[in-house]
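Based on these hints, arrange chain B on the given structure of chain A.
Taken in order, these protein sequences are the chains called A and B. Residue numbers for the first sequence follow the working numbering, beginning at 9 and rising by one. Residue numbers for the second sequence follow the working numbering, beginning at 9 and rising by one.
Worth flagging that the hints you see were computed from the coordinates, not collected in a lab. In this text, all values refer to a predicted model and were calculated from it rather than measured experimentally. Please note that a few of the clues may not be correct.
As the list claims (entries may be wrong) - In silico lysine-lysine, BS3-like type, Cα no more than 27 angstroms apart, as pairs: (1) B:Lys53 - A:Lys15; (2) A:Lys15 - A:Lys53; (3) A:Lys164 - A:Lys176; (4) A:Lys150 - B:Lys150; (5) B:Lys150 - A:Lys53; (6) B:Lys19 - B:Lys53; (7) B:Lys150 - B:Lys164; (8) A:Lys150 - B:Lys15; (9) B:Lys15 - B:Lys53; (10) A:Lys189 - A:Lys150.
As the list claims (entries may be wrong) - Only some residues are given here: those of chain B computed to face chain A with a beta carbon under 7 angstroms: (11) Ser99; (12) Glu102; (13) His111; (14) Leu114; (15) Ser115; (16) Leu181; (17) Tyr185; (18) Ile201; (19) Met266; (20) Lys270; (21) Pro336.
Stated by the list, open to error - Here are the in silico distance ranges between beta carbons for each label pair: (22) B:Glu174 - A:Gly22: 54 to 64 angstroms; (23) A:Gly22 - B:Ile334: 53 to 63 angstroms; (24) B:Glu174 - A:Tyr167: 47 to 57 angstroms; (25) A:Ser125 - B:Lys15: 31 to 41 angstroms; (26) B:Ser125 - A:Ser125: 19 to 29 angstroms; (27) B:Gly276 - A:Tyr167: 54 to 64 angstroms; (28) A:Ser24 - B:Glu174: 53 to 63 angstroms; (29) B:Asn147 - A:Arg54: 14 to 24 angstroms.
Idealized CB from N, CA, C, for every residue including glycine.
There are 2 protein chains.
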Amino acid sequence: MKRAGIKDVAKEAGVSVSTVSYVLNRTPTETISPETSRRVLEAAKRLNYVPNLNARSLSSRRSNLIGVLIPQTEPGRELVFSNPFYGDLLSSIEYTARQRGYHLLLSGTQEDQSYLSIARNRGVDGIIIIGTYPGENLNELKQMDIPVVLVDSYVKDEYFHTIGIEDKEGAKLATRYLIEKGHRRIAFISGSIRENGVNMKRWQGYCEAMTEAGLPVEEDAIYSGTVDYEYGAIAAHEFVERGRRQSAAFVTADIITMGVIKGLMEQGLRVPRDLSVVSFDDVNLSQMAYPAFTTVHQDIAEKGRQAVLLALDAASRKERRHTECILPLSIVERDSVMEWRE
Amino acid sequence: MKRAGIKDVAKEAGVSVSTVSYVLNRTPTETISPETSRRVLEAAKRLNYVPNLNARSLSSRRSNLIGVLIPQTEPGRELVFSNPFYGDLLSSIEYTARQRGYHLLLSGTQEDQSYLSIARNRGVDGIIIIGTYPGENLNELKQMDIPVVLVDSYVKDEYFHTIGIEDKEGAKLATRYLIEKGHRRIAFISGSIRENGVNMKRWQGYCEAMTEAGLPVEEDAIYSGTVDYEYGAIAAHEFVERGRRQSAAFVTADIITMGVIKGLMEQGLRVPRDLSVVSFDDVNLSQMAYPAFTTVHQDIAEKGRQAVLLALDAASRKERRHTECILPLSIVERDSVMEWRE
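This is chain A alone, in the form it adopts within the complex (with noise of 0.2 angstroms):
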């Protein structure tokens, strides 16, 4: 079958090739009556005729295509989503790009990939990075004229769309929620701790809370490795080794949690009774969980849904603005805490 081209369209509908070219992409500033529209449209669907966006995107800038870059901090590492929360988040961005006819390129880039060659070559519409640090890499993306939007990053700075959660005072709630169920002594178990990082936030609102409450940060009870599941197995180990010191533990991933818990049960402990913990992000697997996790919950749904909704809508607009859209968290009580009493 040989494809139909804007000329045959044009040709079938009786009008210019230019007519259709601005039914076809709706340019508002050009006049044409609603009749002629609708042949053109008529003409298009018997056709089937299909827009080339490639070619398009040439000349419109138009590619109806979001980059999602998610960039992985060990290289050559294979599970971007090992993480169950960015299945979720995934979801839901892909999900509202495609109620908008979007399309998404995914890439879980390497520290040597630029992120402007992809911006580039591909003529994305819009870029969303999830969980970035400040670098050169993003640095780049500034020559471009394109909106990004970071999630989850404390990346300050005027060129960037941000969209996140303030993970200092969740750390609080999650850590003052232990100290009111009348725990003294509280683990930190967390991936790597780096300047500008959501651990380094959910650090200092843990110590904040701690410190409130009169309560020292004692040395023993940090826990800091990598944002996974066997990180979580490996804390539980060790948390044994050092002599099972506190009653509670605010641990800030719930795949960390997945694998503190395991970790636990494999050395006979049980949570709640002998550990009790909170948790952070309340992925849906947070609930599936035995026991279902006390956690910090964050709209991960919403978290996606809006970073679309800010990178089309920049897009859409001439005039540069910053948006900085932050999402409100809470504690979700189920079943991994118990009241401790000396």
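This is chain B only, laid out in the frame that chain A set:
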């Protein structure tokens, strides 16, 4: 910063534009001296030249883009990745593509969306479709000269490459395993059983294993709903309502098993004490859960890797040769099965 074009590179290297194009596109038919080639590459590097892939795809029809379509069986459904199987699979597809310089175009297509328009509009080099049924949408794709790889689909057609597993055999392995452990009454819990779908094959495997052992396939042992956590919990409640007449269950997906275990726990019942379970898929989650699942292992990472390699290999060949790839299955023994003695 003005972006360097191919003409700038040609000028810088002191060669013609076509020579630059030959070198950068690695056109195998042209003879270019190593010295010229080196000069062009160095000039391109000096000028920070980045080819416009959209422009390239119009001429050479190579976009370095692979379309990944995940048909949504329930329209308007948000969570493409609520089943961790998709996250595990997509991780592997993304990683394999990334290592080869490809990006993914991701779409959770709805039944009313044409696969063809995505293939055409985006100029993808290959398409991977995960779990689809025969239909017009799929047939349309035959108009295109693009390799299509179907993952986990029982569509038999010379036009499509397929990669999958022997679902019926896997179900037999699972059911026989339970029979060997002494179980006689075995429930079958699965998603909807559709013609030419994987659940239909797993259902057939279950029936065959029961029959060959001289065991009856009883209607009240069959649970069929949706492939999700929620349905697993519902099935567990129904199991109790029906009077707990089975000592074991073959559950056709790990995500359903998560729900079954949780639903039983809500009623004070435990796996495997009150119900032995053999699951299917071996997603990462199945070893993190409590109890860890005894499950039919399929190599999800290898499935994703092979899907990409099949697509790229087919794209690089001129002649069309249908490739069918079947990955092996095995039982992984963990903690969800107990021996049964009457």
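Would you mind confirming whether the straight-line C-alpha gap from Lys15 (chain B) to Lys53 (chain B) stays at or under 27 angstroms? 14 angstroms, holds
Do the numbers back the hint for Lys270 (chain B), that is, is its least Cβ distance to chain A under 7 angstroms? 6 angstroms, holds
Can you verify the interface hint for His111 (chain B): is its Cβ closer than 7 angstroms to any Cβ in chain A? 5 angstroms, holds
Between Lys189 (chain A) and Lys150 (chain A), does the CA-CA distance stay at or below 27 angstroms? 48 angstroms, violated
Under 7 angstroms is the threshold here; is the Cβ of Ser115 (chain B) close enough to any Cβ of chain A for the hint to stand? Check passed: Cβ of Ser115 (chain B) comes within 5 angstroms of chain A, closer than 7 angstroms.
Supplied contact hint for Ser99 (chain B), tested at 7 angstroms Cβ to chain A: Status holds, d = 4 angstroms.
Return holds or violated for the Cβ distance of Gly276 (chain B) and Tyr167 (chain A) against the range 54 to 64 angstroms. 57 angstroms, holds
Could you check if Glu102 (chain B) really has its C-beta closer than 7 angstroms to a C-beta on chain A? 5 angstroms, holds
Hint check: 7 angstroms Cβ-Cβ cutoff, Pro336 (chain B) to chain A: Hint violated; Pro336 (chain B) Cβ to chain A Cβ min 20 angstroms, cut 7 angstroms.
Determine whether the Cβ-Cβ distance between Ser125 (chain A) and Lys15 (chain B) falls within the hinted range of 31 to 41 angstroms. Check failed, 19 angstroms falls outside 31 to 41 angstroms.
Lys150 (chain A) paired with Lys15 (chain B) [C-alpha distance capped at 27 angstroms]: 24 angstroms, holds
27 angstroms Cα cutoff - pair Lys150 (chain A), Lys150 (chain B): 42 angstroms, violated
Hint violations for this structure: numbers 1, 4, 10, 16, 17, 18, 21, 25, all remaining hints satisfied.
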